[in-house]
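Undergrad: What follows is each chain in one-letter form.
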Amino acid sequence: MHINRRTAIRQLFIISAGAAILPACVNDKKPKASAFSNLPITTKDEDMMEALAATIIPTTDTPGAKEVAAHRFALRMVNDLGKKEQREQFVRGLKQFQDKVQRQYGKAYEKCTAQEQEKIVAAAIAAKDAGDDAAFFFDTFKHLTIQAFTSSEYYLTKVEIYKLVPGKYISSVKV
Amino acid sequence: MNDSSKQRTFDAIVIGSGISGGWAAKELTEKGLKTLVLERGRNVRHLKDYPTTNMMPWEFPHRGEVPLEITQENPVVSRCYAFKEDAMHFFVKDKEHPYVQDKPFDWIRGYQVGGKSLLWARQTQRWSDFDFEGPARDGFAVDWPIRYSDLAPWYSYVEKFAGISGDKDGLPELPDGEFLPAVGLNDVEKYFKANVAKNYKDRHVIYGRCAHLTEPQQIHIDQGRVQCQNRTLCQRGCPFGGYFSSNSSTLPWAEKTGNLTLRPDSVVQEIIFDDKKNKATGVRVIDAHTKEVVEYYATIIFVNAGALNTNLLLLNSKSQRFPNGLGNDSGVLGKYVAFHNYRAHINAVCNDFKDVRDEGRRPTSAYLPRFRNVHKQETDFLRGYAAGFGAYRGSYHDTSGFGLSLKEQLSKKQMGPWYVGSHMMGETIPKESNGVSLDASQKDEWGMPLLKINIGYDDNDEKMIKDYQEQLTEMFTKAGFTDIKVDDSKQAPGLDIHEMGGVRMGRDPKTSVLNKWNQLHNCSNVFVTDGACMTSTSTQNPSLTYMALTARAVDYAVAQLKKKEI
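Line order of the protein sequences matches chains B and V.
Each residue of the first sequence is one higher than the last, beginning at 90 in our numbering.
Each residue of the second sequence is one higher than the last, beginning at 553 in our numbering.
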């Protein structure tokens, strides 16, 4: 499990690195559908959400959302647990979010610079009560990104250690 | 008798391998009886068949939650608190085993070796005479044919073997037992205990007694069980055998005697009654997968199929002598089913004790024994309720913002206030109108009529909910808790998973099905010792009482057998 996960993450890096050097015409083909059967999204949308997750919890000298594949967890949860209306609103919100970025910056989120991405996310947080689909998408995605990160193997073995076998219960500890 | 039927003949048959069936198996095999245990579900072997037991949180694709497709297909079981990604393989899915609900009833089942003993909440409080004398004093159901003194030695007997953690509290309404040390209450629970004691002379907050090995004795080590590690992942099956289950305890013990034959995937359709011999001779079984029908024979039969399935089986066991179901001369079989009312909750905040927290996890919490109508009738409703009580220190991450600041915030939890909460466990009154019957036309895959369940709340339950909310609010207020919120989940009966009765014990064969030994009044070699036997429900979590009744009934049955009375 441990090794498979590492391998999977490494392969993910190789694939995205490979994508960057492919000629543009390859990307002009019909976008590939993603693996999430209940969500009509493309692999390009997934790339965008991977980048968005990395802005929310960045990689520093320690792993961030990207290393724990937080966007894949978020998508799995929406895909498998979301009700039909929620899934539809999530996808509509994703498009709305992407369109807004395209209008403002003339490019896709994942192509924006880190500074631009931070501006976009700051604006999304400021607009969290807007009540539109984009706000629903962003809130849901941010919440699930945090859940993915704080329940990841990295986090629960290095940051806040989860004890499968805690042994003693201590009824009173000074704080 | 030919060879084939000889091979299918045992001294005793136990139908069901859950918490009471496991005890029947242990007691019968220890007394030297060749015993066949029939379980309708698959085999679950201790240690070997707990697939999720050592999984880390991140190994669950949905971090414990259940995918929508499953919850939509199985709305009933999805309402159960323990039906989560780590244990859903131990629950019956609605779709696989349909039943008919005349009124909403959430029937939660575990069809496998060990049954629901793998999944239970492990609370083990004794009954007292205030409970056994309830129906006679208050004029409902029928008088219990036993009293506390009949069961007390058997409580001790099963407690020593199962391993019960508890404090000696010295309360007549909740007798002390054979206890291993308590894990303990935290500071806020201790404070509430003291505050309630100060304000009410008849109300007590105690450590909830539970079936966990806090200090294993030789008898537990002999079972292959070791100390509870406070994992609180019990519903997955415990690799330490830290809590009591049939799988970790009674079944392997029975197996060691060499007298046990365990046959999983065996759906019992009928108990065969021989009109000439005037007793039950065996059971008819259909294989859950091959659908092959086989008969097994025995001198004694213990029915431990789980309360409502025991009703179903007896109702479906029709003969010339018993056209309305085995042992049902009285016509009360399937009637007077009751349960526990778990609808009301209360939550609040405790603003003190900011300088302390607790650490680790704990398999139990605090408990308030029934304080209403204990010594005499004093409210406008009959009987009363026990309550669970727990305090926990909230902690959370500040999830505002994004980027480096958010990442920093996620690296350490903030301490919140202490939260306190309680839930009610109300006694419900068994009534003729609350019961189960066989559906006239619909059958399941195994040829069994579907069970029709017609069980609802009544005015007494509604009054009790209101009283619980008022009394707990008063107690919380006196303790200085704030932000007090009460609720009524309106959950259907059944979700308490404490359904009881339908094959009740009693003194009079005209108004009950079982005698004081859990023996059918009119078919002396059949015993019912699961929840179906209960005359009334009181408020305590019932499993410990089923265990004690089972051990007592086996002792009697085997003595009678030796005297050739059966």
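Errors might be hidden in some of the hints.
[Claimed, not checked] No more than 16 Å apart at the CA atoms, straight line, and that leaves these computed lysine to aspartate or glutamate pairs for EDC-like:
#: 1; chain 1: B; residue 1: Lys173; chain 2: V; residue 2: Glu621
#: 2; chain 1: B; residue 1: Lys172; chain 2: V; residue 2: Glu625
#: 3; chain 1: B; residue 1: Lys172; chain 2: V; residue 2: Glu911
#: 4; chain 1: B; residue 1: Lys173; chain 2: V; residue 2: Glu625
#: 5; chain 1: V; residue 1: Lys964; chain 2: B; residue 2: Glu249
#: 6; chain 1: B; residue 1: Lys257; chain 2: V; residue 2: Glu767
#: 7; chain 1: B; residue 1: Lys252; chain 2: V; residue 2: Glu625
#: 8; chain 1: B; residue 1: Lys263; chain 2: V; residue 2: Glu621
#: 9; chain 1: B; residue 1: Lys172; chain 2: V; residue 2: Glu617
#: 10; chain 1: V; residue 1: Lys965; chain 2: B; residue 2: Glu249
#: 11; chain 1: V; residue 1: Lys636; chain 2: B; residue 2: Glu249
It should be emphasised that the hints constitute simulated quantities derived from the structure, not laboratory data.
For clarity, every value in this text was computed on a predicted model and none was experimentally measured.
Undergrad: Determine for every hint whether it applies to the structure shown.
TA: Verification of the hints:
The hinted pair formed by Lys173(B) and Glu621(V) meets the criterion: a straight-line CA distance of about 11 Å does not exceed 16 Å. A distance of roughly 13 Å separates the Cα atoms of Lys172(B) and Glu625(V); the hinted pair therefore holds under the 16 Å criterion. This hinted pair does not check out: Lys172(B) and Glu911(V) have alpha carbons roughly 37 Å apart, beyond 16 Å. A threshold of 16 Å between alpha carbons decides the hint, and for Lys173(B) with Glu625(V) the separation of about 15 Å falls inside it, so the pair holds.
In summary, the hint linking Lys964(V) to Glu249(B) is supported, as the alpha carbons are separated by about 8 Å, within the 16 Å threshold. Restraint check: the Cα-Cα separation between Lys257(B) and Glu767(V) comes to about 12 Å, which is no more than 16 Å; the hinted pair holds. This hinted pair does not check out: Lys252(B) and Glu625(V) have alpha carbons roughly 34 Å apart, beyond 16 Å. The hinted pair formed by Lys263(B) and Glu621(V) fails the criterion: a straight-line CA distance of about 45 Å is larger than 16 Å.
Pair hint Lys172(B) plus Glu617(V) holds up; C-alpha atoms about 14 Å apart against a cutoff of 16 Å. A distance of roughly 9 Å separates the Cα atoms of Lys965(V) and Glu249(B); the hinted pair therefore holds under the 16 Å criterion. Between Lys636(V) and Glu249(B) the CA atoms are separated by roughly 23 Å; this puts the pair beyond 16 Å, and the hint is violated.
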